[in-house]
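Undergrad: In case you want the letters, here they are:
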Amino acid sequence: MAGLELLSDQGYRVDGRRAGELRKIQARMGVFAQADGSAYIEQGNTKALAVVYGPHEIRGSRARALPDRALVNCQYSSATFSTGERKRRRHGDRKSCEMGLQLRQTFEAAILTQLHPRSQIDIYVQVLQADGGTYAACVNAATLAVLDAGIPMRDFVCACSAGFVDGTALADLSHVEEAAGGPQLALALLPASGQIALLEMDARLHEDHLERVLEAAAQAARDVHTLLDRVVRQHVREASILLGD
Amino acid sequence: MAMEMRLPVARKPLSERLGRDTKKHLVVPGDTITTDTGFMRGHGTYMGEEKLIASVAGSVERVNKLICVKALKTRYIGEVGDIVVGRITERRRSAEDELAMRGFLQEGDLISAEVQAVFSDGAVSLHTRSLKYGKLGQGVLVQVSPSLVKRQKTHFHDLPCGASVILGNNGFIWIYPTPEHKEEEAGGFIANLEPVSLADREVISRLRNCIISLVTQRMMLYDTSILYCYEASLPHQIKDILKPEIMEEIVMETRQRLLEQEG
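Protein chains in written order, with the UniProt record's numbering: chain A, 1 to 245; chain B, 1 to 263.
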């Protein structure tokens with residue numbers, strides 16, 4: 001794209017980061033008292049809020065109940081003020097549905113659903129400000145919210161996006177970098193075992209480069225895990241001190 | 001009409017103020033608890049390739065050969081013998097059921113009951129086969145996290161301040177005026193609809209606010225902690241108890257008294 005240099009000769013990106021550097025992440029658990037679990041995350045300028053209810057009885061038709069495991073229901077919603085221009089999105093539009101489905105796939109892989117047969121777990125994610133990497137922020141926020149609710153999970157689910165510019169793989173893309181039109185990949189990882197919960201890309205990338213981009217995304221996801229791990233441990237430690245021994 | 005406005009202010013985490021650390025072994029999901037396969041696994045853990053891995057974020061509890069992880073906040077998990085307080089949302093519609101129970105319990109009633117059995121999928125079966133259980137009449141319900149209700153020998157308490165409380169293991173707490181005379185043979189199925197005096201109402205409101213402040217400061221709920229909190233709150237007006245600074249002050253005092261009592 002003329003005029004916009006995504007990666008300078010010295011290796012700096014548009015916002016001054018290095019190729020494999022993440023944006024600043026701040027997260028908090030337990031932001032709502034009324035929900036079973038909730039969390040808020042900021043990845044750079046992307047802000048996402050996640051709320052979890054459950055496990056509880058299946059709402060609506062009992063026929064949907066699975067006899068041996070819990071149903072995971074995810075809903076994604078993007079605030080009208082989240083993008084540069086105010087966009088009023090109808091509930092249930094393509095993007096929301098697709099995101100919801102992707103989140104569901106991701107969390108069905110991580111939550112130990114066999115422990116709660118015939119019940120339902122609801123995960124609602126709301127993006128308050130979208131500056132690239134919205135899927136990753138949603139997954140990270142939802143992981144913290146599920147942990148806050150005490151729902152058993154195999155492992156954390158940490159996600160990050162990655163792109164490819166000038167032969168270099170970039171981690172954690174911002175909106176400017178996403179809009180530039182290059183290939184972008186979203187990866188959700190279970191860090192302890194290295195298993196991939198979800199891998200998504202809809203662009204064209206030569207297969208020779210796939211390995212590198214995948215590795216950049218995986219490393220970034222592991223870095224996200226380090227941060228989220230710290231947040232959770234701090235939260236647990238504080239609550240434990242208050243409860244007393 | 002007097003109005004009060006508060007502006008947001010950064011608060012220091014309370015654990016710093018307490019100035020102590022925890023000795024518990026804290027884990028997050030994905031952490032290996034032990035590679036020793038001799039242990040039985042309890043709640044909050046799962047077995048993954050020869051090691052025991054945590055599935056919730058919390059503290060590890062070890063009782064002989066059983067290891068489990070107690071999560072900070074969970075939905076209620078039923079155990080036989082627990083007392084629960086709940087609202088009837090749905091009932092079986094069979095003929096004998098209609099004849100027998102319709103007169104006593106309707107949908108929407110609040111009842112106290114005991115857990116009789118727990119099914120493998122987590123569903124519990126309740127009974128009200130003793131006179132102390134049954135329909136609940138006038139009172140106040142407070143919903144808290146089940147992990148904050150301490151397990152005790154009895155969950156029905158008549159507090160000396162003039163009200164009674166039922167601490168349901170499922171986190172539902174019922175505060176009601178102490179009945180003057182013990183219930184007759186009717187048990188708990190006749191609703192007592194006599195008007196409750198203002199003094200009793202004030203005691204109940206104060207207790208409710210105290211319970212909420214204890215829960216906000218993550219303290220375990222049992223008869224002594226509630227009573228001490230009530231006494232610590234007496235110098236303040238009932239509506240002031242929920243203000244953050246006053247809440248902290250009252251709960252600090254409660255903590256002190258509890259420590260002195262144990263130590």
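Keep in mind the hints are simulated off the structure, nothing from the lab. Be aware that one or more of the hints could be misleading.
As the list claims (entries may be wrong) - Okay, derived cross-link-like pairs now, EDC-like style, lysine to aspartate or glutamate, Cα gap no bigger than 20 Å in a straight line:
{"#": "1", "chain 1": "A", "residue 1": "LYS24", "chain 2": "A", "residue 2": "ASP202"}
{"#": "2", "chain 1": "B", "residue 1": "LYS70", "chain 2": "A", "residue 2": "GLU238"}
{"#": "3", "chain 1": "B", "residue 1": "LYS150", "chain 2": "B", "residue 2": "GLU79"}
{"#": "4", "chain 1": "B", "residue 1": "LYS24", "chain 2": "A", "residue 2": "GLU238"}
{"#": "5", "chain 1": "B", "residue 1": "LYS24", "chain 2": "B", "residue 2": "GLU4"}
{"#": "6", "chain 1": "A", "residue 1": "LYS95", "chain 2": "A", "residue 2": "ASP202"}
{"#": "7", "chain 1": "B", "residue 1": "LYS132", "chain 2": "B", "residue 2": "ASP121"}
{"#": "8", "chain 1": "B", "residue 1": "LYS12", "chain 2": "B", "residue 2": "GLU249"}
{"#": "9", "chain 1": "B", "residue 1": "LYS24", "chain 2": "A", "residue 2": "GLU207"}
{"#": "10", "chain 1": "B", "residue 1": "LYS12", "chain 2": "B", "residue 2": "GLU253"}
{"#": "11", "chain 1": "B", "residue 1": "LYS153", "chain 2": "B", "residue 2": "GLU79"}
{"#": "12", "chain 1": "B", "residue 1": "LYS153", "chain 2": "B", "residue 2": "ASP97"}
{"#": "13", "chain 1": "B", "residue 1": "LYS12", "chain 2": "A", "residue 2": "GLU178"}
{"#": "14", "chain 1": "B", "residue 1": "LYS135", "chain 2": "B", "residue 2": "ASP97"}
{"#": "15", "chain 1": "B", "residue 1": "LYS239", "chain 2": "B", "residue 2": "GLU249"}
{"#": "16", "chain 1": "B", "residue 1": "LYS23", "chain 2": "A", "residue 2": "GLU238"}
{"#": "17", "chain 1": "B", "residue 1": "LYS70", "chain 2": "A", "residue 2": "GLU178"}
{"#": "18", "chain 1": "B", "residue 1": "LYS243", "chain 2": "B", "residue 2": "ASP97"}
Undergrad: Could you run down the list of hints and mark each one as holding or not?
TA: Against the structure, the hints come out as follows:
no., hint, verdict
1, A:LYS24 with A:ASP202, "26 Å, violated"
2, B:LYS70 with A:GLU238, "15 Å, holds"
3, B:LYS150 with B:GLU79, "14 Å, holds"
4, B:LYS24 with A:GLU238, "12 Å, holds"
5, B:LYS24 with B:GLU4, "41 Å, violated"
6, A:LYS95 with A:ASP202, "14 Å, holds"
7, B:LYS132 with B:ASP121, "29 Å, violated"
8, B:LYS12 with B:GLU249, "14 Å, holds"
9, B:LYS24 with A:GLU207, "49 Å, violated"
10, B:LYS12 with B:GLU253, "18 Å, holds"
11, B:LYS153 with B:GLU79, "14 Å, holds"
12, B:LYS153 with B:ASP97, "33 Å, violated"
13, B:LYS12 with A:GLU178, "39 Å, violated"
14, B:LYS135 with B:ASP97, "17 Å, holds"
15, B:LYS239 with B:GLU249, "15 Å, holds"
16, B:LYS23 with A:GLU238, "12 Å, holds"
17, B:LYS70 with A:GLU178, "42 Å, violated"
18, B:LYS243 with B:ASP97, "48 Å, violated"
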